[in-house]
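K.L.:
Same order as they appear, the protein sequences are chains E and D.
So the first sequence is residues 1 to 448, counted in the numbering used here.
So the second sequence is residues 449 to 563, counted in the numbering used here.
Mixed in with the good hints, there may be bad ones.
Derived DSBU-like pairs (lysine-lysine); straight-line CA-CA distance at most 30 Å [said to hold, decoys possible]: (1) E:Lys375 - E:Lys11; (2) D:Lys498 - E:Lys182; (3) E:Lys48 - D:Lys498; (4) D:Lys498 - E:Lys223; (5) E:Lys195 - D:Lys498.
These are calculated hints, taken from the structure and not from any lab test.
Small disclaimer: the values here were computed from a predicted structure and weren't measured.
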Amino acid sequence: MAATELKGELKVVANATCTFCGCVCDDMELTVEGHAITKAKNACVLGKAWFLNHTIEERPVAIVDGRPATLEEGIERAARILAGARFPIVYGLSDTTCEAQRVAVAIADRIGGCVDTTTSVCHGPSGMAFQGVGEVTCSLGEVKNRADLVIFWGSNPAESHPRHWGRYSTMPRGTFVPNGRKDRTVVLVDVRKSKSAPAADLFLQIRPRKDFEALWALRALVKGVPLRPEDVAATGLTLEALTDLAERMKACKFGVLFFGMGLTMTRGKHLNVEAALALARDLNQYTRFYAKPMRGHGNVTGADNVVTWQTGYPFGVSLGRGYPRFNPGEFTTSDTLARQEADAALIVASDPMGNFSQPAREHLARIPYVALDPKETQTVKHAAVAFTTATYGINVAGTVYRMDDVPIPLRPAFASPYPSDLDVLRRIEARIRELQGVPAAATAGAGH
Amino acid sequence: MTHAETFIFIPVRTSRQGTTLNEGKLTAGYVEETSQLLMAPEDMARLGLKAGDRVRVRSPEGAVELPCAAAKPGELPPGVLLVPYGDNSSRLMGGETHGTGMPDSKGFDVTVEKV
């Protein structure tokens with residue numbers, strides 16, 4: 001439970017939640033001085049940067065067509081852009097609360113638009129693979145207490161999730177791994193010797209674009225299918241190395257394969273992940289074995305959960321016909337932008353103008369869109385309407401989901417003069433209803 | 449270098465990209481980090497490049513000019529380029545997602561020539 005303690009001018013917030021990466025560490029001890037966090041005990045280098053750099057910036061609460069505006073003017077313009085569009089899209093949502101995500105879905109429903117999240121350019125392919133193969137899953141707590149073989153494939157936790165090892169997966173002493181790191185074997189599979197490699201017991205350097213082949217070879221070896229060295233030569237790994245890994249996987253008591261963008265972003269995409277998930281499933285003939293995605297942002301897992309509750313699907317959903325349709329490649333934002341189909345957008349807590357493909361960014365720059373963000377980004381700069389919002393987890397309470405689908409409450413450090421994403425989205429939704437002549441929701445923003 | 453050579457381009461996360469991102473995506477630190485191209489020392493030697501030389505990296509989508517730096521020996525296989533992901537890597541990314549929603553974001557072919 002959060003505990004605040006006044007120390008003179010300072011306030012200390014205990015058990016605060018960091019939402020920079022999908023680890024969602026909730027053991028932060030934040031020292032707050034006025035409107036700034038000056039110390040973040042237990043935070044990793046990324047978490048420290050997150051907490052110390054999200055202060056109150058001097059920016060207009062709303063910017064309409066490049067000029068400072070009032071919140072009311074921003075809401076009015078935003079609602080008109082979205083309600084008047086023929087093919088509006090709602091995108092982003094990974095760096096905001098579940099409560100706000102719910103309202104974003106409601107807005108997409110009201111305007112008959114697409115709703116998609118940063119999942120589509122991150123672990124969307126994993127979501128497709130979960131549907132194709134199935135997810136053998138567990139919590140990070142189970143990993144901490146049971147895992148004796150931990151594999152990272154196409155992931156560099158040292159730089160992307162610095163506390164993952166220490167808090168969950170390789171270092172902690174657990175109920176059935178009482179000697180912590182000494183009771184575990186850590187394997188890293190990657191195309192290069194990343195900063196994670198020195199911490200692994202085994203580093204397997206795979207050739208780029210050969211993950212599917214290597215995973216499929218492991219499936220064969222696990223099932224006892226005889227392979228020749230030439231069958232695996234293209235992977236850059238020897239038959240001996242793959243056979244050794246397959247045997248370790250079968251012999252472990254509780255194995256976990258954590259996988260990252262090395263699988264989802266390279267050629268094959270969801271098929272690479274299907275291979276990993278199928279391997280994990282096959283290994284359950286012999287032992288307990290799991291495959292877990294390394295989710296990147298603080299609440300991208302929450303976005304998957306909320307969009308699934310509301311529509312039945314995790315991302316890439318169209319509500320254009322009044323009922324949800326799911327089709328990655330058709331309703332996903334990279335595509336609706338690159339193919340120039342979207343004519344308006346609502347971008348929440350994300351930066352597609354920074355991170356999307358060139359054709360997608362060029363089209364986004366041409367259409368009117370609404371952006372919500374605590375900080376200035378390229379997405380904010382090119383928006384027809386931009387709202388400066390309070391930062392979730394630092395100023396705003398709510399719920400987020402850790403990468404293993406565990407919901408965790410936020411414990412904010414200090415108040416902000418800016419509205420939360422939830423406040424802004426509720427007001428946009430209410431105004432859209434007025435423009436459409438539809439009665440107000442019974443409980444504004446609650447699940448419809 | 450007299451001609452452009454093909455490399456495999458892999459945008460990645462780095463610690464510094466993650467920390468500067470929080471300072472702001474328009475800050476000098478973030479822009480600098482997401483402009484730093486890493487190449488295997490064998491490739492740099494073969495192509496007559498030294499640290500800081502600018503190279504033009506081109507994909508079917510566009511081109512960017514970036515300063516290059518040598519990876520530590522053994523860190524990166526020859527023929528592979530690394531850059532912390534951001535505006536520069538986005539400029540090279542095509543819109544085709546092959547029906548997945550995910551563009552080819554890692555491991556795509558680019559050509560490299562000295563500027």
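K.L.:
Indicate, hint by hint, whether the structure satisfies it.
P.N.:
Hints, verified against the model:
1. E:Lys375 - E:Lys11: Status holds; Cα separation ~24 Å.
2. D:Lys498 - E:Lys182: violated, 43 Å
3. E:Lys48 - D:Lys498: violated, 35 Å
4. D:Lys498 - E:Lys223: Distance of about 49 Å is beyond 30 Å: violated.
5. E:Lys195 - D:Lys498: Within the cut-off at roughly 23 Å; holds.
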